[in-house]
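Visitor: So you can see what is in the structure, the chains are spelled out below.
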Amino acid sequence: MTTTRRQFLLLAGASIGAATTARAQLDPNVAAQRKAALDAALRKVVGDAPVRRGRVKLDLPPLIDNGNSVPLAVAVESPMTAADHVRAIHVFTEKNPQPNVVSAHLGPRAGRARLATRIRLADTGTVIAIAQMSDGSFWSDSAEVVVTLSACLEEGLI
Amino acid sequence: MVNAIVNVPAQAKRGEVIEIRTLARHVMETGFRRTQLGELIPRDILTSFVCTYNGTEIFRAELHPALAANPLLTFTTVATETGTIAFRWTGDNGFAVTETATITVT
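Taken in order, these protein sequences are the chains called Y and C. So the first sequence is residues 1 to 158, counted in my numbering. So the second sequence is residues 1001 to 1106, counted in my numbering.
Chain Y with its partners taken away, still in its complex shape:
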């Protein structure tokens, strides 16, 4: 059966209506709340110390088809000796219901400061990786990603 122009317009209108209803269920302040949660999570890890950009390389695809499984890799420039090594790598997201993704604790026995995993992303936004060095300094990198299919919300709101 071919779809007529009229049927198509009706369907399109109905789906836009459904999407608006779904969005209406979310708290209007959700962006502000998630920003506050991200700031709180960062402060919990970093405290008042300054976070500098550099030394960390966060690698994830810029366009993500499926937010349920996103390959992510973090590499930190460090000699990984007993005197100078990466103590921890933390990953955060801006738009997920909870900002924390993973916190990895490593030491000089790691040889290289590298971590790879697969994460979930709820929405288009920023992903942040922070490395804590043995001298107490913090270094970070961030990546902007576009997510077309969201994780978390697929059954509840759509």
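For the record, the hints were derived by calculation from the structure and aren't laboratory data. Treat each hint with caution, since some may be false.
SDA-like cross-link-like pairs, simulated, lysine to any residue; straight-line CA separation at most 20 Å [to be verified]:
(1) C:1013 to Y:108
(2) Y:35 to Y:123
(3) C:1013 to C:1081
(4) C:1013 to Y:112
(5) Y:57 to C:1076
Go by the hints and put chain C onto chain Y.
Guide: Only chain C this time, still in chain Y's reference frame:
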């Protein structure tokens, strides 16, 4: 039933940096999804992962709901001595799984 897969090279030279890949089988239910009736599905995730090399902890991670189902973790270590590398995942509802691998260092 296999609950975890670990990939460790069987042999390595002393001092070599080896890559360890681990995969645990777990749904990692986030606690944010709802059923069609609107009921919240309770959270059921892995919360912690520890890797020990002959009893010494070499890598530890705190896991959160934002990790994909069947969490994959890839990291590196220096091959220091022949022995056992043990992996332990723990999670909600008393979930715990342990896996070991042996490595021969020459």
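Visitor: Next step is simple, just say for each hint if it's right about the structure.
Guide: Structure-based check of each hint:
no.	hint	in the structure
1	C:1013 to Y:108	holds (18 Å)
2	Y:35 to Y:123	holds (13 Å)
3	C:1013 to C:1081	holds (9 Å)
4	C:1013 to Y:112	holds (16 Å)
5	Y:57 to C:1076	holds (16 Å)
This entry satisfies every hint, going by the numbered hints stated previously.
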